[in-house]
Structures are given as C-alpha cells and as structure tokens.
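Student: The lines below spell out each chain.
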Amino acid sequence: MAITENSESPSPELMLAFYRRLYPFKSIMNWLNHEHVPTKLYTHREFAFTLQGDVYLRYNSFNSVEDFKKQVCTLNPTRFEIGPVYTARPRDKRTIRPGGFTPLQRELVFDIDMTDYDSIRTCCSDAGICKRCWAFITAAVKVMDSAIRDQFGYKHLLWVYSGRRGIHLWISDKEAMELTDDQRKAIVSWIAVITGGKDTHKKVNARTGSRPLPPSLQMALDPLAHYFGDLILNDQDCFASQEGWEALLHLVPDRSVSENLEKLWTKDPSRSSTQKWDDLKREVKRIEKGSAQRLVMQAAMEDIILQYTYPRLDAEVSKHRNHLLKAPFCVHPKTGRICVPVDPEHIDEFDPERVPTVDQLLKELDETMVQDSPENEEHHFDWERTSLKPYIEMLDRHAMALMDEVRRTKRGADMTW
Amino acid sequence: MFNAGKRTTSTPLKHAPAEVQLHSTAPYPHRLNFYDVPPLFDVTLEEFESAALARLRILAEIESSFVRNRSYDELKSVTDAQCKKYLTLNANSASTQDLQGERRRDHVGHFVLRLAFCRSEELRRRFVKAEMMLFRVRWDTDDTREREGFLESRDFDWTPVDDKEKEAYKEELMAVPSNIRTQYSEGQFKKDKYHKVRWTRVPDLVEKRRVFLKGGWAYVHERESSSMVFQEFQINLEKALDMTAKALPRLDEDTRLIPILDNLSQGFLAGVPSEWLSSSSSGAEGSGVKAEEIDDLAKKHFPMCMRNLHESLMRDRHLKHMGRLQYGLFLKVLGVSIDEAIAFWRRSFSNITDDKFNKEYRYNIRHSYGLEGRRANYPAKSCQQILMQDQPGSAESHGCPYRHFSEDNLQSALLASYSAHGFTASDLPEIMHTVRAGHYHVACTRVFEITHARSGVKKGEGVGGGESITHPNQYAARSRELEKARQEKAESDRDAMLVDG
Ligand SMILES: [Zn+2]
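Just so you know, the sequences run in chain order E and Y.
This note's numbering puts the first residue of the first sequence at 1, with every later residue one more than the last.
This note's numbering puts the first residue of the second sequence at 418, with every later residue one more than the last.
No wet-lab data here; the hints were simulated from the structure.
For clarity, every value in this text was computed on a predicted model and none was experimentally measured.
All residues carry an ideal CB built from backbone N, CA and C; glycine is no exception.
Heads up, a few of these hints could be off.
[Unchecked claim] Some chain E residues close to chain Y (C-beta under 8 Å, calculated; not the full set):
(1) F152
(2) G153
(3) L179
(4) D182
(5) Q183
(6) A186
(7) S189
(8) W190
(9) R207
(10) T208
(11) R211
(12) P214
(13) P215
(14) S216
(15) Q218
[What the hints assert, rightly or not] Derived DEER-like restraints, expressed as beta-carbon distance ranges:
(16) E:G412 with Y:R571: 24 to 34 Å
(17) Y:S823 with E:D92: 33 to 43 Å
(18) Y:E538 with E:T274: 55 to 65 Å
(19) E:E405 with Y:E538: 24 to 34 Å
Using the sequences and the hints given, assemble the complete structure.
Tutor: Structure follows, in structure tokens:
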C-alpha cells in the first residue's frame, strides 16, 4: 500500500498535545548548539513558524529550550523551519542597523525529493510514494553519504525523512557550518550530475567526450550499477513501456545501434527491461573493441546508469546559508508523519509507511498512561513510551558525538595556553 | 598614512605586519601586489584623488564587462587596453619606465578605493569582484618569470604532496578530467607537482571538478595554482575590507576626504565621470553648431536624456530650471556658441515675450557660458551627476530616462527616438533587463551600439575599445565622429568609382 494523503491535516489539538508531550526540544537544542549551555549557535538562530492558515512568521529566536517550547506551545504552528545563525539575535532584527544583521553559519543541507524522479519511477506518481520507489532515495542516500564522508571528510551527517516523499541531510561539522554561499555552490556543483529539465533527454554531462568519468563519479558508479539492475531493470521495469524504451534510445548516441534496437523492440514489445538492457549490451559488443565507437557507447551506458540512479538534488536548497529547512521531528501537515532521523547504514530497511504518525503516537501515549500508575505521575520523557523513542535516541547519539568533538577541541585549545 | 595637503590624516590602516619587504631598496620589487601593507608614506590630496580615479575607471569598466557578459578574453583585452591608457603598470623588464612611480600609484589607488568601498556590504562585494578580476588580468599578462618571482616572495601555505601520497592516489589524480584532456602520460605525471589545500580554499576548482578531493583536501595540479592565488587574493581583501569598515568611523573625522570618498563610491554606480570639455580632441565639437542645426543633431546624435529634454522643449516651448541647466551645458560643450545658444533658446521659448526672455533667461544662459557672475567655465554634467543629483519631479524633464522613467515610458521613448536608427522592440528585453539591474550607463551604451550598428559598431564595442558611456557629450561626440567617418568613406568610395569609371 502506498502512503496516501490524509484528507484532513492533524487537528490543532493533536499538534498542541504533540508539542507539549512529545517534541524533543532539548535534543534539537543539543544538536543545533553543539554544547549543553545555549551559545550563539542557538540564541542567534532563526526559527520560522508556519501557523494554522499558512501564516508565516520569520526571525524568531530563543534564549533557552524552555523559551522555545513555550513559544511553540503558544503559537501551535503546523510546522517550523530552521535557518542560519546570524550576527545578532534574529528577534532583534528590526532594531539592528542595516548591515549588522547577516547570516554567519548554518548546517550544510541537502534536499532530495521524489518529485525529481517522477519521469523515471513507474509505481507511483505525484505525491504518492511506496517502499518500492523509496529505493531511489535509498540509492541516493548511499551515494551521497559515502561521497561526502570520503571526499569532503565530514563526519556529522544527519539524514531526516521529510515526512512524505523526500529526505534531508544536515551536516554540522565546523567547516561545513562556516561555508560561504560560494563554497556551498561549489560543493553542489561537485556533487550534482543530473541537470536539465523535462525537455532534456540527456541529463548527465560530466565528462569530456567519451573520456572516463571524474574519479568521484567513477566511485559512485559501482554501487549504482547494482541499483540499476535491481531497481531500474527488475523492480521498476523502466524500459517496458514504449515511452520508457524510447527515452532509453534517446540516450544511445550510435545511430545504427539505436535503429537496430528500435526495430527489435517494436516487433516484440513484451521484452522486459532486463532483456532490453541485454539487447543493448549485445549490440555494443558487436562494435570493435577499443574503437572510438565502442568507447562512445561504453561511456553512454555509464551515463545511462547515472541518469537513472544518481542522486537528484534540489540544488537551490543547498546554495544559500540563509535557506530555511523544516526541523526534524516536525509533523508533515499532509501525512501526519513525523520527520524522523534515518540511519544511512540501515536505510535499506527504512519504510516510509512505517514511520509513526502524530495520532498514532498520542494513542500509544494514552494507552501506556492507562497502564501506568493512576496518580499520573510526572514523566520527563513521555516519548520514551512511544515508538518515537528509537528516533529521538538516534538524534541524541548524533548530538552527543558533536558535543564530544566540541569538548575535545576546547580541551585541546586549553592545553595550548 | 595619506597625507592630505599639510595636515596628516590619521587612518585606520596602520597596523602593518612587522617585517615588510616594502622597505627594501626598491619599495615595489614586483609588478603584482597583494596590497598587504598600506602606503606608509605621505600622499598629497591630489595624488590621493587622481590615483583613485584612474583605478576606479578601470574597475567600473570591469564591472560593465560583467554586466555585458563579456567573455574573459574580451574582458582581458578591454581591461588591458584601459590600463595602458589610465593605469600603466609595467614589468621589471621594461627598464626605461618609471616602474616605482607606477607601482606607487597603483598601490595608493587601491588603498583609497578600499576606504571608499568598505562602507557597505554591497560595495565591498562588488569591489572585491572587480579587484580580483583586475589582479587576474595582470597575472595573466605578467611575464612568466616575474610571476614566479612574485609567487616565491609569498608564503601561500600550500602543502606539497609527497611522492608516496602522489603514488597512492595516482589513478585518481590522473583521472581528473582537466588532466585527461591533455593526454596525461605517466612520465609527465611523475614530473608534475601537486599541492594540497583545504577544498574551501579553491571552491572554483571544486565547482568545475578540476581537482581530486579526499577527506576535504583538494589535490591541486601546479597548472591550477593561479586559481589558488586568486582565491587567496580574494580572501585577503575581504578580510582587510571588513577590518577597514570597522575602523572607518575614525576616518570620518577628516571632512576633506569624505566628499572624495563619496564621489568615488558613486562612480561605481554610474561609471567614472569623464570631464568632457569642448577642448576635446574628437574634432567633432567646437565646430560652431548653428541654432537651427540643433533639432537635426538631436534626432541623429543625442543620448536618451538629451533627446528627452529636446523633445520636451519642442513640445512645451519651455523647460524647468534643472532641465535648462542640464541641456544648456550639454549644448555649450557640443559647440553651440553663446550667440547661437541665445537664438536657440529664444526661438524655443516661443510662448513668452522678448521682454520676459531678456529679463529671466538671457542672464542665466550667459552665466552658464561663464560670461556673468563668477565667470566660471561650467562643465556639462556627467552621467554620474545626472544619475545621482537632483532627482526630477513629476513636471521636470531632466535626469536619466534609464533611471528616472517608468518602464513603460522608457520603452516607448526608446522606440520613438531610435527606431529610425535600427532600434526595434526585440532589443527591449535586453535593455530592460540591464535597467532593472540598475546598470543605467550600460543600458545607454548598449542603445548606442544598436543605433550605430550601421556605422559598424559591434556589440561590446561601446564608444570605442569597449569603453562605456559616462558622459552625454561623449555619446554625441562619438556619434558625430562615426557619421563623419561614414560620409568620408562614402565620398571616397564615390570618388574611386568616378576615377575608375
Ligand atoms: Zn512507488
């Protein structure tokens, strides 16, 4: 079954109960702040609220977790976003002289959304998503996670399910936090390979002529070739339909190859995607080994694998320090699902349909309450009694690693005195 | 530092690093300069201003090049030509030149502009971008050996990649696309030097995938080292400007410098004001323009601002004070004598009596020609003055149409004024795009190019050599020059025909 949108968004009462009893304000603070005591990373940070009725409130900032929680419970937003750390408290923005209010730091963020895969996935369309097409996101996460760790050396990567059909990545390493817009633009260009819109057939242009791919993409190719077989050929069967195989033939630069295949596939439309890919391979093998023609076709086949499986980024999100991105653990207003962290090591097992929804969580909470002591004693962590627990613990572990590093750096700095 | 006149002005740029090469025998051993150290010598107010103006002219032209989407090669040749004209900076090998003097001027100009441009984030950003481009042009035109000497004189803090590491990443390094392109052999690879730097230091190389990246380190081929130098230049300058901005309030005490600095930062918005006097060498002016010729000249040679003033005058039989001033001084410089000017204005103001004209206007016209009152020789207003001073009210016609007209009005005015010269509606999107970005003089320059295409003016050529319009008289003079050349050519063609025939 695919995730369908609830006809109604979670009610304001449900949202308020969620913020009061379950939202992990403290864990979010630790993660954004890198220390236990609020620093500028927290107090000078912009939060933007979307209220019921789509009223958008920007430039909120808070001195403490309590402060933040109080305001969230007062405003009861449908969701909120996290922005950059500014030179001053965002809430004082109006009283600061122009030029005295500029973004300084923020996590390096990436956004991958299923929408960008609409032209290739065959199981769902539009807002829909299922375990099968989630595999596109899985492939993207695998490639991005290892590329960023290996090539850029960043360690503090937090992947967060967007609540519907996408995933966000937040990178909190010190260097990543401090990147300028130009540097963010550079890293996006380095990573992004898929370019051009609907009307562009060939969306991968990362090499010169038919020369080898740059080393970073060569590295991505192996795991992606694997996904190409499982996901594109077997599961999604992307080249089964006429539209599907015609799209494939557009990417075959060799006229005689594509004409032969077209003839073959028109005559026998029942051939599966795997068979069609084998047809293509057979055609290529008939070209003389080492010839320019053969090299062109080998390069084209690699590019096809990339085009169908390489991460598709919403580049604009990453390019600017002052971009706002929905906070982890918010509730997706359309699905009611929580934006939970995702472990990239176990992303294969992640099923968006099994992510808890806000009403499910509150039901769990009510049920355990009934079982508990009738005095209804004060619980600091209500979430510990719900299926939100493993996700919040994941964020806490992530924040802990960040805080450890900050502590180590500080101690290191102290020793040099 | 800057000694303006007799009083020494105290500026915030005094904190120079302790050991400074500047005080070796020759203060400027290299043509290239990273401007780490402010000028620590006395500078006269005149030198202060002229060095800055010369540099500003170059930077403003570089900025127009960005706006006009010139390729780097075009930009390089335009900038190089402009530098040769206004801000020469020769290599050491050119021994006959006044190298130290040129370099001192370059040094002073840069630091004055820092003061002028550190005052808003927007100006800082634009200044850094233009300065970096100027540095790059000079770098690319520098003598290779002298460039190496400059490199060696600085510590760029790049780690050389040792042989062991190089061998470990051999495959990846050789597969970097920019290496593949040059048919990279293993023998060549062994010879080549690589450096590693944090990737954040070379974002442009990362953006183009021209490096190998591992653990946040960029492995940079020696061929790309210039890229690191430019980046370094930019980072240094950004930091220095930030510091200057913070310290600047102290400079504001020197009231004589502020107007100069204000003036300079405006130059970026409107191009550098050119003095355009009738003594100009172009030959087209000063040739005695008759009152009755003005209407014809206006239709053929005037920029939009003067076209607008002329049309308003013809239509309303009148112009308000600021309009008369802007138009009158322009006509004076165009070559209209005082007698012809009086005749022209008298005829144009046809709704008033001789008596009223003589009482209210004659004196002002004579005054603007320096024949009354202080007897000053007023120059015509430059684009910068027209753009920045005295915004026109609703009933006034002076100002710059590119800036002061509504979009609709500007588009109809352009079509009405210039369709006879080949300007069509299909040219409008480009012009309006430039206008919206606030690059009014670039829009005007582009209109000039379009309307003079039949005289052979190409896109990007401006009023010659890629120079942009910075003065309405420059526009008119160049336009007349082009017409004259065209007529002469037509004449000689005809003569040739006759002789041959
Ligand atoms: Zn699906």
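Student: Would you mind marking each hint as holding or not holding in the structure?
Tutor: Hints and how they fare:
1. F152: holds, 5 Å
2. G153: At 3 Å from the nearest chain Y Cβ, G153 of chain E passes the 8 Å test, so the hint holds.
3. L179: Constraint on L179 of chain E satisfied, holds at 7 Å.
4. D182: Because about 5 Å separates D182 of chain E from the closest Cβ in chain Y, which is inside the 8 Å limit, the hint holds.
5. Q183: holds, 5 Å
6. A186: This interface hint holds because 4 Å falls under the 8 Å limit.
7. S189: holds, 4 Å
8. W190: holds, 5 Å
9. R207: holds, 7 Å
10. T208: holds, 6 Å
11. R211: holds, 5 Å
12. P214: holds, 5 Å
13. P215: Interface hint status for P215 of chain E: holds (4 Å vs cutoff 8 Å).
14. S216: holds, 7 Å
15. Q218: holds, 7 Å
16. E:G412 with Y:R571: 24 to 34 Å: Between G412 of chain E and R571 of chain Y, where Cβ atoms are some 29 Å apart, the hint holds.
17. Y:S823 with E:D92: 33 to 43 Å: With a Cβ separation near 37 Å, S823 of chain Y and D92 of chain E satisfy 33 to 43 Å, so the hint holds.
18. Y:E538 with E:T274: 55 to 65 Å: Since E538 of chain Y and T274 of chain E have Cβ atoms about 57 Å apart, the given range 55 to 65 Å holds.
19. E:E405 with Y:E538: 24 to 34 Å: holds, 32 Å
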